[in-house]
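A.B. asks: Spelled out from the first residue to the last, the chains are:
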Amino acid sequence: MNITQENLANLVGVRRETIVFLEQGKYNPSLLLARNIAKVFKKKIEEVFSF
Amino acid sequence: MLIKSNKKIMTIKQYQAARLALIIVLSIIVSQAIIFKNYIIPIFLLIVSSLIMIYMRRQVKEVIADERDYATGGKAALLTIQIYSWAAVIFMFITYGLRDINPAYEPIGLTLAFSTCILMLLYSVIFHYYNKVKLMDKKFIYTAFVLALFIAMAIASLRLFSGEDNWICKDGQWTPHGHPSFSAPAAVCK
Chain A
1 MNITQENLAN LVGVRRETIV FLEQGKYNPS LLLARNIAKV FKKKIEEVFS F
Chain B
1 MLIKSNKKIM TIKQYQAARL ALIIVLSIIV SQAIIFKNYI IPIFLLIVSS LIMIYMRRQV
61 KEVIADERDY ATGGKAALLT IQIYSWAAVI FMFITYGLRD INPAYEPIGL TLAFSTCILM
121 LLYSVIFHYY NKVKLMDKKF IYTAFVLALF IAMAIASLRL FSGEDNWICK DGQWTPHGHP
181 SFSAPAAVCK
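Quick mapping for you: the protein sequence lines, in order, are chains A and B.
1 is the number of the first residue of the first sequence in the working numbering; add one for each residue after it.
1 is the number of the first residue of the second sequence in the working numbering; add one for each residue after it.
It is worth saying that the hints were derived from the structure and are not from the lab.
Treat the hints with caution; some may be incorrect.
Short, incomplete list of chain B residues facing chain A, as computed with Cβ under 7 angstroms [stated by the list, open to error]:
no., residue
1, GLU67
2, ARG68
3, ASP100
4, ILE118
Remember, predicted model here, so these are calculated numbers, not experimental data.
We put the CB at the ideal spot given by N, CA and C, even for glycine.
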């Protein structure tokens with residue numbers, strides 16, 4: 001899926017920096033944010049995030 | 001027109017710049033107003049600037065704060081309270097200890113002590129609200145009960161400790177003010 005950090009941030013209602021930190025593994029999202037991001041990619045949470 | 005169309009016109013950087021400018025202008029005016037002993041202008045300006053900030057915030061199309069900011073804000077607030085409380089307590093002891101050298105230190109120490117108490121009390125109340133009360137089913141009843149209890153205690157404390165019911169020296173005689181529960185002072189009333 002071709003999507004920018006800015007677009008993803010706007011879609012899930014967070015700031016772009018949060019997406020950056022998520023990608024770098026420096027921030028653990030809330031369950032709600034994890035679900036919303038997974039929803040954008042049409043995947044399950046465990047397919048997007050590894051805990 | 002702007003409000004009706006409901007279009008977001010500010011970017012987050014513009015919002016931050018405007019907020020900074022507003023804070024600078026506000027600080028200058030408030031400090032000058034206090035120097036000239038005008039206290040109406042700062043109150044009026046604080047209300048107006050708060051309204052401007054709310055309006056500007058609504059004009060921003062991007063997300064200003066998200067869950068990460070709230071989590072960070074919570075940690076920062078807790079640390080700030082801890083640092084302030086420790087610093088205030090240390091300075092309170094120093095200023096209160098030096099009150100014999102300069103009596104002006106006493107009100108400074110007392111102000112620091114009371115401000116720390118109020119800050120910690122407020123933090124405890126707000127923490128309790130978010131930690132327990134907000135998750136309750138009957139939070140309105142609970143909040144109303146606690147508020148009523150707090151008001152009753154505040155009134156009772158004022159009645160007990162405010163010195164309302166006391167003896168006052170008037171025209172060379174001790175005159176009861178209110179209904180003092182104790183007899184008139186033995187000292188000579190001048």
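A.B. asks: Confirm or reject each hint.
C.D. replies: The hints, checked one at a time:
no., hint, verdict
1, GLU67, "holds (5 angstroms)"
2, ARG68, "holds (5 angstroms)"
3, ASP100, "violated (53 angstroms)"
4, ILE118, "violated (32 angstroms)"
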